[in-house]
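On the provided structure of chain A, position chain B as indicated by the hints.
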Amino acid sequence: MTLTREKILNNLSEIFRTRFEIENPGLDENLREAYEFDSIDAIELLVEIEKMLGVSLTQEEKKSAMNVRTINQICDYIESLNASG
Amino acid sequence: MERRVVITAESLITPIGHGKKDIVRSLLNGVSGVKPLKTDNLLSGYIKSKVFGSIDYPMEYDFKRSHRKTMGPVAYYACQAVKEVLEKAGLDQEFISSGRLGVAFGSTHGSPTVQRNIYKNFFSGSSDQFSQVSAVDYLKSMVHTTAVNITKMFGITGRVISSSTACTTSSQSVGFGYEMIKYGLQDAMICGGADEYDTTTVAVFDNLLACSTAYNDTPHLTPRPFEARRDGLVVGEAGGAVLLEEYGRAKKRGADILGEIIGFSCNNNGGDLILPNTRGITETIRSGLENAGINSGDVDFISAHATGTKMGDVIESQAIYNIFGGDPPVSGLKSYMGHTMGACGVIETVITLYMMEMGFIAPTLHLDEIDRRCAMIRHVTEFQETGVRTALVQNFAFGGVNTCLILKKI
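Just so you know, the sequences run in chain order A and B. Position one of the first sequence corresponds to residue 1 (the working numbering), numbered consecutively onward. Position one of the second sequence corresponds to residue 1001 (the working numbering), numbered consecutively onward.
Calculated from the structure, these hints are not laboratory results. Positions of the beta carbon are idealized from the N, C-alpha and C atoms, including for glycine. Treat the hints with care, since some could be wrong.
[Unchecked claim] Computed far set for chain A versus chain B, every beta-carbon distance over 10 Å:
hint	residue
1	Ser64
2	Ser80
3	Asn82
[Said to hold, decoys possible] With a Cα cut of at most 27 Å, we get these calculated DSS-like pairs of lysine-lysine:
hint	chain 1	residue 1	chain 2	residue 2
4	B	Lys1020	B	Lys1408
5	B	Lys1152	A	Lys63
6	B	Lys1088	B	Lys1152
7	B	Lys1120	A	Lys62
8	B	Lys1021	B	Lys1408
9	B	Lys1083	B	Lys1020
10	B	Lys1021	A	Lys51
[Claimed, not checked] Facing chain B, according to a computed beta carbon distance under 7 Å, are these residues of chain A, among others:
hint	residue
11	Glu23
12	Leu27
13	Glu29
14	Glu33
15	Ile43
Here chain A stands alone, though its shape is the one from the complex (with noise of 0.2 Å):
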């Protein structure tokens, strides 16, 4: 089932706050600059993004995912994934 990106970004929005304890990120915020969201937490994330669509990613769609930095390009990045699976 394709998630919408309103879905998505519920689902970013509660992995944020309990995951990585950022609440209310803003949607074009850069996250290593105003929470620190560093590599380590882009490959926590890539777990969540996994158990939310029920799929294990490649190596390479997760070396796609290490120049993202806003939650608008997180959402694009699912919907690619989305969009190709």
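Chain B in isolation, oriented as in the chain A frame:
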């Protein structure tokens, strides 16, 4: 070039208290920090020793998430102790991040709590494709997790040494930190060690028949170093840190000088990995005195390793007697809190500094009847009000590693 090295700040988190005031109160009142072993729903039910040197008071941490995310319980103890040391010392951030301040800090084996969760995951048999090792599990559990979480939290950019030699972990940290400054490689070093609540270590000593089991119903009465009815060691949890500085620098900035380290030695028995060795320990003490440039008669207090094992205490007594005869007073501080493993060296160093400053010697607890095989040295069995100017802190570890730190009051 050899430079003088002084200790200018300290912090301890121990089973007998957090900070100098609580710890000294426990020492003066003969309070033990040994409690019933908490259950872990895994090994504790099989372990015969049911006692543990426990930190059972609440600890409050104000570490931010970006720091917490790479920390297991052992790193919490380490970072909290170092935070308190840096607050006391009042070093400016420019110096902290200058590359002239280093870290020598370790633990027995990283964070066993985190390691246990990793293995639990591995062996769970779960078909959940997403149950995998977390990206931070290694950072939390690796053997140098304490040292590098400290560097990260405080922005320290100097040398990093992370000893992991069980019971000599933090005495090596202090000793190697001393050498870094003495020989001009660093101007200051944060040194110490920590270990968290962990039943794996208890199980290891339990299997080797080295743990105390006869006092399971009266935990506060064990361990009993040098005592006739001792029956083994008690594992404990703790963390401790000191700041070492080059003497001239400390003087110039008006730092409180708690004491000077005037000598350090470290050697190996060159043989058995478990049994202590009289010759090896005697040689450690001898070379420590030589390194400090003092005679045995100059030492007026010895903090013994004194774990409370049947053979270890006898061999240590023989080694002390070989060098000192029956002269300087000897105390076994593990009698108050058990064997805090990676933290014991720095804890015994700091408690010795407290006693030097305040003019007393805490007795070995529970030393009702001295084992006749340990009786040739001068045991402290009661509180003594006395000045200590030069003290020796000795520690020995599995693997045959021995250390000796020599402290002097300034």
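### Message
Beyond 10 Å on every Cβ pair: is that true for Ser80/A relative to chain B?
### Response
20 Å, holds
#### Entry: Satisfaction of hint between Lys1408/B and Lys1020/B, Cα-Cα up to 27 Å
19 Å, holds
### Task
Would you check whether Glu23/A satisfies its interface hint, that is, whether its CB is within less than 7 Å of any CB in chain B?
With Cβ-Cβ at 12 Å, over 7 Å, it is violated.
### Message
Hinted pair, alpha-carbon criterion (27 Å max): Lys1152/B, Lys63/A. Please report holds or violated.
### Response
25 Å, holds
### Query
Can the restraint linking Lys1021/B and Lys51/A be considered satisfied, given a maximum Cα separation of 27 Å?
50 Å, violated
### Task
Let me know if the C-beta of Leu27/A comes in closer than 7 Å to any C-beta of chain B, holds or violated.
21 Å, violated
#### Entry: Distance rule for Ser64/A, whose beta carbon must clear each one in chain B by more than 10 Å
Non-interface label on Ser64/A holds, nearest chain B Cβ at 17 Å vs cutoff 10 Å.
### Query
Asn82/A: least C-beta distance to chain B exceeds 10 Å?
Holds, since 17 Å exceeds 10 Å.
### Query
CA of Lys1120/B to CA of Lys62/A, is that 27 Å or under?
25 Å, holds
### Query
Regarding the pair Lys1088/B and Lys1152/B, is the alpha-carbon distance no greater than 27 Å?
The given pair, whose Cα atoms are some 19 Å apart, holds under the 27 Å limit.
### Message
Min Cβ distance, Glu29/A to chain B: is it shorter than 7 Å?
### Response
16 Å, violated
### Query
Does the CB of Ile43/A sit less than 7 Å away from some CB of chain B?
Check passed: Cβ of Ile43/A comes within 4 Å of chain B, closer than 7 Å.
Violated hints, in rising order: 10, 11, 12, 13, 14; the structure is consistent with all others.
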